[in-house]
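There are 2 protein chains.
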Amino acid sequence: MPQERVAFILVIATTDVSMIPGTTIAGATPELTMYTPAADAEFLINGKCDVIKGVPITPDGIPSPAIISRASLNLTGIPTFVVNAGAKVRPLAIPFFEVGGEPGKDIRSGALEMNVMERILNNSMRLGEQLSRGFDRVIIGESIPAGTTTAMSTLVALGYNAFGKVSSASPDNPMELKEKIVREALSKVSDEEDKIARLSDPMIISASGIAQGFQGKIVLAGGTQMTAVAALTKKLAPMKLKDMEIWTTKWIVSDKSSDILGLASQIGVKVEYSPLDFSKSKFEGLRVYEKGYVKEGVGAGGLSLFAIKMGFTTENILKEVEKVYEEAKNEKI
Amino acid sequence: MPQERVAFILVIATTDVSMIPGTTIAGATPELTMYTPAADAEFLINGKCDVIKGVPITPDGIPSPAIISRASLNLTGIPTFVVNAGAKVRPLAIPFFEVGGEPGKDIRSGALEMNVMERILNNSMRLGEQLSRGFDRVIIGESIPAGTTTAMSTLVALGYNAFGKVSSASPDNPMELKEKIVREALSKVSDEEDKIARLSDPMIISASGIAQGFQGKIVLAGGTQMTAVAALTKKLAPMKLKDMEIWTTKWIVSDKSSDILGLASQIGVKVEYSPLDFSKSKFEGLRVYEKGYVKEGVGAGGLSLFAIKMGFTTENILKEVEKVYEEAKNEKI
Chain F
3 MPQERVAFIL VIATTDVSMI PGTTIAGATP ELTMYTPAAD AEFLINGKCD VIKGVPITPD
63 GIPSPAIISR ASLNLTGIPT FVVNAGAKVR PLAIPFFEVG GEPGKDIRSG ALEMNVMERI
123 LNNSMRLGEQ LSRGFDRVII GESIPAGTTT AMSTLVALGY NAFGKVSSAS PDNPMELKEK
183 IVREALSKVS DEEDKIARLS DPMIISASGI AQGFQGKIVL AGGTQMTAVA ALTKKLAPMK
243 LKDMEIWTTK WIVSDKSSDI LGLASQIGVK VEYSPLDFSK SKFEGLRVYE KGYVKEGVGA
303 GGLSLFAIKM GFTTENILKE VEKVYEEAKN EKI
Chain X
3 MPQERVAFIL VIATTDVSMI PGTTIAGATP ELTMYTPAAD AEFLINGKCD VIKGVPITPD
63 GIPSPAIISR ASLNLTGIPT FVVNAGAKVR PLAIPFFEVG GEPGKDIRSG ALEMNVMERI
123 LNNSMRLGEQ LSRGFDRVII GESIPAGTTT AMSTLVALGY NAFGKVSSAS PDNPMELKEK
183 IVREALSKVS DEEDKIARLS DPMIISASGI AQGFQGKIVL AGGTQMTAVA ALTKKLAPMK
243 LKDMEIWTTK WIVSDKSSDI LGLASQIGVK VEYSPLDFSK SKFEGLRVYE KGYVKEGVGA
303 GGLSLFAIKM GFTTENILKE VEKVYEEAKN EKI
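Protein chains in written order, with the working numbering: chain F, 3 to 335; chain X, 3 to 335.
Extracted from the complex, chain F is given alone in its bound form (with noise of 0.2 Å):
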């Protein structure tokens, strides 16, 4: 039987509901936070960020999981494409997909225009078609700091009960904030306009398309960004569902403060988590993720997993993740 193709699809956008002061720690300022996404993606290509100095950091000086993406890719050696969605903050030193997206709005105050989203969900339902062409599964990923607050409205407006349910990259998940906001935004809607492109954001559309584009396997890489993925996915396109897993991380599945098994299970997704354990990590920045930092994001978790399902073990992983932590830590200085 010939091997797999597999490709690596990572999503980009912001939200400017990650301005809100306490939505999340993905960025060291409310305002570096729009730099994070491009920061990803280029240091997933090269190595290194041009849009800002080293590596994303949360404000605890803690690197991106972006770390560990790379670690597995240079393992496994899958192609990576990166698509924006809609980031306010684009990445000029590297190629990218455009999708004709734009920024996400602050979810409270104002929505995507509806021929963006339109526009955004039909590209992304094009290049998924291209992509099936070449490849017989996408692993996709996402960076859209705040991504966890739209994902928890779009799953209250899709009628899935999320409040409480969605993790955060912090162990201490601003809950209360998420839903005020949340509650806030869907007091604002009217019946008319379309709840997606007022309660949602530009990665979960575009991440849906090209799920609905693609004719193969399809792995959403995240956590629980990825069950409103797969929950807008269920709502365009049911028959989808049954080619679509979530691979994420154990840090997610065993966080007390979400619940991504009961969001899946009420979409009726599969998840599956990386058993990565940086406990015995020679750097702080990582052992730390034992203790409920970050968590997951830019595809670590199914990255990592799928290296895994190579025949790499976490120890593997471990060491290329240290590796690619000192190159960024030595690029900085």
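Do not take every clue at face value.
Now the stretches of chain X that chain F is said to cover, found in silico as 3 or more residues with beta-carbon under 8 Å [to be verified]:
1. 30-41
2. 98-104
3. 121-130
4. 135-143
Here are the simulated EDC-like pairs of lysine to aspartate or glutamate, each with C-alpha atoms no more than 20 Å apart in a straight line [to be verified]:
5. F/50 x X/131
6. X/50 x F/120
7. X/50 x F/274
8. X/242 x X/138
9. X/242 x X/274
10. F/50 x X/120
11. X/258 x X/274
Simulated from the structure, these hints should not be mistaken for lab results.
For glycine and all other residues, C-beta sits at the position ideal for the given N, C-alpha and C.
Go by the hints and put chain X onto chain F.
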């Protein structure tokens, strides 16, 4: 042996040289040449255009060679990825790669900024690297009106004898006009500046960058413009030349107003051609290809030759081209 994995990459760009009356017929008017690359790309992916109505045509109403490319892609089923190396009008109805490019200037009076040229080159190399993780061979095509004039200036800048040797989409090749433009542009080059940034175009730079980054077999699918891509690649990455071939059409090779074989032999790159014959087509717009109209573009020669190598006959291809053309004509109404 597993089947060869092949992708088609269409590199689009514009140059203000196409605004000089008489240089090109790739567009019904000089102004419309700015729309042709985006229209070709949209037609290739979607079978119809959004940036213009119908299908891109010459002033006489002869259809773009994109119909041959789309027909060949329908038969072979390989994936297509569009790269915007710098087109004034962007193809918003399809997904496309950005490489940070900008449209080319009129070479008599302007030049690409050095940092833009380097960005196009570097990002295109990175794209080539990622593509080699998924594919064994890339077929690289182009759409850039007046691109034979900038091919001539690029070849001359690199030390080749190219005057009177580049082809045209018209049966009346405006050789004297092209040579006049190139000589004027050459006279303005100072020693300090990079000749490529002044005398080339974004398509040539991007296509060469993709080829330089790609590890595998490289087909340059086009006419005399592709000798400029081969020449630039020979200058920047001479080892790549052994993996590279130009695949074009019978109409280019038999054109008496140009000399692709002479150019290719100066550079040392092999040329093959597709033996398509439209003389028995039921459409006048296709029969005139045998009279020297259009000849090549959008990868038509390379893609149809690839289809033939896969086992399709020239009759199979003509039949599919007629089907695509008929659908496009109906779309227009």
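Now the hints, each set against the structure:
1. Check on the segment 30-41 of chain X: 0 of its residues sit with their Cβ under 8 Å from a Cβ of chain F, so the three-residue criterion for coverage is violated.
2. Coverage of a stretch by a chain is defined here by at least three residues with a beta carbon nearer than 8 Å to that chain's beta carbons; for the segment 98-104 of chain X and chain F the count is 5, and the condition holds.
3. Given a C-beta distance limit of less than 8 Å, the hint that chain F covers the segment 121-130 of chain X holds, as 6 residues qualify and 3 suffice.
4. With 3 residues carrying a beta carbon less than 8 Å from a beta carbon of chain F, the segment 135-143 of chain X meets the three-residue requirement, and the given coverage holds.
5. Proximity of residue 50 of chain F to residue 131 of chain X is assessed by CA-CA distance (about 16 Å); at most 20 Å being required, the pair is judged to hold.
6. Restraint check for residue 50 of chain X and residue 120 of chain F: satisfied, since their Cα atoms lie roughly 18 Å apart, inside the 20 Å limit.
7. For the proposed pair residue 50 of chain X and residue 274 of chain F, the alpha carbon gap of about 41 Å is over 20 Å, so the pair is violated.
8. Annotation: proposed proximity of residue 242 of chain X to residue 138 of chain X holds, straight-line Cα distance about 15 Å (limit 20 Å).
9. Restraint check for residue 242 of chain X and residue 274 of chain X: satisfied, since their Cα atoms lie roughly 18 Å apart, inside the 20 Å limit.
10. Proximity of residue 50 of chain F to residue 120 of chain X is assessed by CA-CA distance (about 18 Å); at most 20 Å being required, the pair is judged to hold.
11. A threshold of 20 Å between alpha carbons decides the hint, and for residue 258 of chain X with residue 274 of chain X the separation of about 17 Å falls inside it, so the pair holds.
The structure fails hints 1 and 7 (numbered hints given earlier, in ascending order).
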